[in-house]
Amino acid sequence: MDCIFCDIISSSREGHFIYEDDNHVAFLDKYPIDKGHTLVVPKQHYEKITDMPEEMVGILFSKIPKIAQAIMKTTGAVAFSLAQNNGRAAKQIIPHVHVHIIPRYAEMGAVWTKRTIPSSDELNSQATQIKSNF
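In UniProt numbering, the protein residues as written are 1 to 134.
One should not assume that every hint holds.
Computed cross-link-like contacts, DSBU-like style, restricted to lysine-lysine with a CA-CA straight-line distance of at most 30 Å [unchecked claim]: (1) K73 x K131; (2) K131 x K30; (3) K48 x K63; (4) K43 x K63; (5) K91 x K131; (6) K35 x K131; (7) K35 x K48.
Bear in mind the hints are in silico, worked out from the structure with no lab data behind them.
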C-alpha cells in the first residue's frame with residue numbers, strides 16, 4: 001500500500017511534526033487553510049474512522065485539546081475548527097484517518113477553501129514554535 005501519511009510517519013517523506021506519542025502524530029498541513037493548520041493522525045493505518053476500533057477513535061480525539069491549545073498559544077488564533085472526512089466523496093484526499101485542527105483568527109473569518117503553500121523552512125519554524133508550547 002502506498003500512503004503519503006504512512007511515509008511521513010516512517011520519515012521516508014518530509015513532515016513537520018509538532019506532537020508524537022506511541023500511537024499518534026500531529027504535523028503541520030503542507031497546504032494549510034490558515035497558519036498552524038495541523039493534522040492529528042494515528043500511526044496505524046486506517047482508511048476511514050469506521051475502520052478503527054471505537055476505543056481508538058476516542059483516544060485519537062482525546063489528543064486534540066492539548067494539541068489545539070499549543071497551536072493557539074503559538075499562533076495567536078482565537079478559535080479553531082475541526083474537520084474529519086471519510087471517503088473520496090467526503091473530500092478525504094489522503095486515505096489515512098486524520099483530524100484537521102484549523103486555527104481561526106478574528107480578523108480573517110472562517111474560510112474553508114483557501115489554501116497556501118508555505119516553504120519547508122516556514123513550516124519547520126512554525127513546528128518548532130508550536131512544540132515549545134506544550
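Assess, step by step, whether the Cα of K73 is no farther than 30 Å from the Cα of K131, and give holds or violated.
The given pair, whose Cα atoms are some 11 Å apart, holds under the 30 Å limit.
Given hint K131 paired with K35 - CA-CA distance at most 30 Å
holds, 15 Å
With a cut-off of 30 Å on the C-alpha distance, tell me whether K48 and K63 pass.
holds, 18 Å
K131 paired with K30 [C-alpha distance capped at 30 Å]:
Given that 30 Å is the threshold and the Cα spacing comes to 17 Å, the pair holds.
Given hint K63 paired with K43 - CA-CA distance at most 30 Å:
Roughly 13 Å separates the two Cα atoms, so the pair holds.
K91 and K131 were given as a pair; does the straight-line alpha-carbon distance stay at or below 30 Å?
holds, 29 Å
Between K35 and K48, is the straight-line Cα distance small enough, at 30 Å or below?
holds, 26 Å
Checked against the numbered hints given earlier, this structure breaks none of them.
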